[in-house]
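Engineer: Start from the sequences, fold in the hints, and give me the full structure.
Chains as they are written, first to last, in the working numbering: chain V, 46 to 291; chain B, 154 to 456.
In case anyone wonders, no lab produced these hints; they're calculated from the structure. Hints are not guaranteed to be accurate.
Simulated pairs of lysine-lysine, DSS-like, Cα-Cα distance not exceeding 27 angstroms [unchecked claim]:
1) K401/B - K442/B
2) K269/B - K313/B
3) K48/V - K313/B
4) K166/V - K275/V
5) K166/B - K435/B
6) K111/V - K358/B
7) K111/V - K365/B
8) K48/V - K124/V
9) K168/B - K442/B
10) K166/V - K124/V
11) K48/V - K401/B
12) K166/B - K313/B
13) K365/B - K275/V
14) K401/B - K435/B
15) K290/V - K224/V
16) K290/V - K271/V
17) K401/B - K166/B
18) K166/B - K442/B
19) K358/B - K62/V
20) K365/B - K290/V
21) K48/V - K166/V
The structure displayed is predicted, hence computed values, not measured ones.
Here's the letter readout for the chains.
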Amino acid sequence: MSKLCRFDILENRQVAKDTYSIVLFGDCSSVTRPGQFVNIALEGHYLRRPLSVCRASTESMTLVYKVVGSGTYQLSQRKPGTGLDILTGLGNGFDITESGENPLLIGGGAGAAPLFWLAEKLIEAGIMPRAAIGFNSADEVFLAAELAQLGVPVTVSTLDGSMGARGLVTDTVGRIGLKYDYVFACGPEPMLRAVYGLSEVDGQYSFEERMACGFGACMGCSCETKYGPKRLCKEGPVLRRGEIKW
Amino acid sequence: MVRNTQVSLCGIKLKNPVMPASGVYGFGGEYRDFYDPNILGAVVLKGTTARPRFGNPTPRVAECTSGMLNSVGLQNPGIDAVISQELPRLREFYHGPVIANISGFSVEEYASCCGKIDGLVDIIEVNISCPNVERGGMGFGTDPELAAEVTRAAKGATAKTPVFVKLSPNVADITEIGIACQEAGADGLTLINTLLGMRIDIRTKTPVLANKIGGFSGSAIFPVALRMVYEVSRVVHIPVIGVGGISKAEDVIEMMMAGATAVQVGSENLRDPMACYRIIEKLPNLMEKLNIENLVDIINIAE
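Structural biologist: Printed below as a string of structure tokens:
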């Protein structure tokens, strides 16, 4: 169920190059699964900005976002104590009940944000995942320390080799022969395709797409699947491997 | 004093003149998390074609100053599924007037779809103005003779449900299209559909929309829509539904003063899912301020 709510900014700080973490206080009762997202109204911008949830409790949530344009720049300049109009509880999110015993969490760039809450939920359910996350360079790396604190073994890759393994996160996973029986992936589409091609292991893939409403009304973000068209904001952003048309 | 917001379209009573525009409301269920759709004057269904369509490749939405572009391209499950699944589903929770929106790629397709849904909805809105399909769609709406031909075909295929024709703003003179539709038997007109537009991503140097060009909507187009409603209302005697850039109760009043009997709220719903609720709630209050007792009294009042 989606909900339109007012949130107060508790904290908004830079965590890596062009990457910010914002903590919001308000009614998070609609945010029930990692991999869900919210849609934020910003002054002077016609459409809301969809951002994935990094972690959430009943009354606060953390979003990690990358500054890519004037909307996210404006958000990065917002001060604690001010409010935001947010549409919450959007998207299906990851279903951890389908996970195997040894899942791999794989993410690229700011898109990796949902992996933190996902790891927490898996650990709560008695499953310790591994994580492999990739960035362009060391100054963009975030989430690695937080995941490690949860006890999750983390492999970091950077394209320029300035931290961890050099190259794409999917190349690293293949090269070091990480063993996993299920995969949770989120990041840009080329990364998702590479994960899909790495092995036949079942899993859930969270997609990114330009969207308008975020709640299934406009059909802007539709995606063709093996089971017909799905709206990535409503029946997605998480698709099962078996429904992806690649 | 009680403010009367009721209007009527071809004898169909609407408790207020506010309805969502086709394409922003799906088949009626998407807004139930936010408010009860029974508060609406009517529900307008997503553009429906003879066969199911996925529409155009993504990205198919883009932001603009005070508006947005879309090139969705009539994604819909097809007329048969709309009749057998979407309409019954909608009737489970919504009991007010329903307007179906029909699009096609040939005159025969329009006629066939209109014939199938005749008698099952309160108004059929024939969309001859979708800018996002290669053939058909807007092609029928930019030529008075073709517009009249589609109108005649839709009227010929229907016996029970009034037919409104939804016009394209992408023409030199919208009044001649409106008149042509009226002469061909249209029971009413809806105007306007989106304006052709485009955005380019200056970082990647490529068009933002995969389709390159799309339909521009949002509050930026309100003055254009208002002008066209005004022009057309002056030369036709059939009712006009005004649509384009409406975002607040004041816009509803203004559009009705220009000649609209009812209005549709489009893109505003996508940025604020409570838009229709907010507008409907504010109307009586605004009428009081403006000393309007019956909303019907202001239709076409602007000289």
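Engineer: Checked against the structure, which of the hints given earlier come out wrong?
Structural biologist: Hints 3 and 10 contradicted; others consistent.
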